[in-house]
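Peer 1: Sequence:
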Amino acid sequence: MTWRRLIIGFLFFLTLSAGVFAAAEHPYRVFIEETVATVAQSWVPGTFTISPDGRFAYVVVVGNQQKVVLDGEEQQAYQEIAGLRFSPDGKHFAYVAKQGHQSYLVYDGNTGKPFDAIDVATLRFSPDGRRYAFIGKTGDKHLVVTEAGAGKTYD
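Under the working numbering, the residues of the sequence shown are numbered 11 to 165, in order.
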């Protein structure tokens with residue numbers, strides 16, 4: 011009887027210790043929820059983004075136009091807005107805006123040069139956040155555009 015209790019106790023100990031050691035390999039993560047922003051009902055789902063330092067942005071519909079709300083402040087209205095991006099350091103903010111048949115990169119609130127199209131998926135920041143790049147299209151030509159300007163055109 012005593013051996014049976016010892017064996018059962020040992021098996022119970024092994025079962026518990028396996029869980030304890032597994033928890034040590036994969037520590038629990040605790041998330042604290044707090045309200046960052048209350049968005050209007052006219053916001054465009056899927057556009058909310060937040061920077062590493064806590065800034066936030068999203069797109070709202072105002073009439074037949076769209077506006078970016080950046081840290082609670084509405085920005086300039088455009089026909090269409092896409093690709094909201096914060097730089098990795100959170101200091102810069104950019105997105106692609108369309109007005110009529112032209113597309114623009116809006117960088118830190120400044121509207122850039124018009125292009126026939128901008129590939130939203132190509133908008134990137136450098137790891138330090140000081141540089142950006144994207145692919146634009148003018149006519150039948152594609153070009154890489156950086157903060158220094160447009161590069162050579164490609165078919």
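Think of the hints as simulated: they come from the structure by calculation, not from any bench. One should not assume that every hint holds.
Unchecked claim - Derived lysine-lysine pairs resembling DSS-like cross-links, with alpha carbons at most 30 Å apart: (1) Lys101 with Lys162; (2) Lys101 with Lys77; (3) Lys151 with Lys108; (4) Lys147 with Lys108; (5) Lys108 with Lys77; (6) Lys151 with Lys123; (7) Lys123 with Lys101.
To be verified - Beta-carbon label-pair distances, calculated as ranges: (8) Gly139 with Gly73: 31 to 39 Å; (9) Asp99 with Gln75: 15 to 23 Å; (10) Thr45 with Lys147: 35 to 43 Å; (11) Lys101 with Asn74: 17 to 25 Å; (12) Glu84 with Pro55: 14 to 22 Å; (13) Trp53 with Gln109: 15 to 23 Å; (14) Gln89 with Gly56: 12 to 20 Å; (15) Gly161 with Pro55: 31 to 39 Å; (16) Gly119 with Val154: 29 to 37 Å; (17) Val71 with Gln112: 33 to 41 Å; (18) Asp63 with Ala127: 16 to 24 Å; (19) Gly149 with Asp63: 33 to 41 Å; (20) Tyr164 with Val54: 13 to 21 Å.
Just so it is clear, the structure is predicted and the values come from calculations on it, not from any experiment. From the three backbone atoms N, C-alpha and C, an ideal C-beta is built for every residue, glycine too.
Peer 1: Assuming the hint says 12 to 20 Å, is it satisfied by the Cβ distance from glutamine 89 to glycine 56 or not?
Peer 2: With a Cβ separation near 18 Å, glutamine 89 and glycine 56 satisfy 12 to 20 Å, so the hint holds.
Peer 1: Assuming the hint says 17 to 25 Å, is it satisfied by the Cβ distance from lysine 101 to asparagine 74 or not?
Peer 2: Since lysine 101 and asparagine 74 have Cβ atoms about 33 Å apart, the given range 17 to 25 Å is violated.
Peer 1: Take a look at whether the Cβ-Cβ distance between tyrosine 164 and valine 54 falls inside 13 to 21 Å.
Peer 2: For valine 54 against tyrosine 164, whose Cβ atoms are near 32 Å apart, the range 13 to 21 Å is violated.
Peer 1: Holds or violated: are the alpha carbons of lysine 101 and lysine 162 at most 30 Å from each other?
Peer 2: Cα-Cα ~29 Å, so holds.
Peer 1: Taking the Cβ atom of threonine 45 and the Cβ atom of lysine 147, is their distance within the range 35 to 43 Å?
Peer 2: holds, 40 Å
Peer 1: At the C-beta level, are glutamate 84 and proline 55 separated by a distance inside 14 to 22 Å?
Peer 2: About 18 Å separates the Cβ atoms of glutamate 84 and proline 55, which means 14 to 22 Å holds.
Peer 1: Cβ-Cβ distance between glycine 149 and aspartate 63: within 33 to 41 Å?
Peer 2: holds, 40 Å
Peer 1: With 33 to 41 Å as the target window, see if valine 71 and glutamine 112 comply at their CB atoms.
Peer 2: Given range 33 to 41 Å: violated, Cβ gap about 20 Å.
Peer 1: The hint says 31 to 39 Å between glycine 161 and proline 55; measuring C-beta to C-beta, is that right?
Peer 2: Given a distance of about 35 Å, which is inside 31 to 39 Å, the answer is holds.
Peer 1: Just to be careful, I want the Cα atoms of lysine 147 and lysine 108 compared with a cutoff of 30 Å; is the pair within it?
Peer 2: holds, 13 Å
Peer 1: Take a quick look at whether lysine 123 and lysine 101 sit within 30 Å of each other, Cα to Cα.
Peer 2: holds, 22 Å
Peer 1: Determine whether the Cβ-Cβ distance between glycine 139 and glycine 73 falls within the hinted range of 31 to 39 Å.
Peer 2: Roughly 34 Å apart at Cβ, these two residues keep to the hinted range, so it holds.
Of the hints listed earlier, those the structure fails to meet are numbers 9, 11, 16, 17, 18, 20, in rising order.
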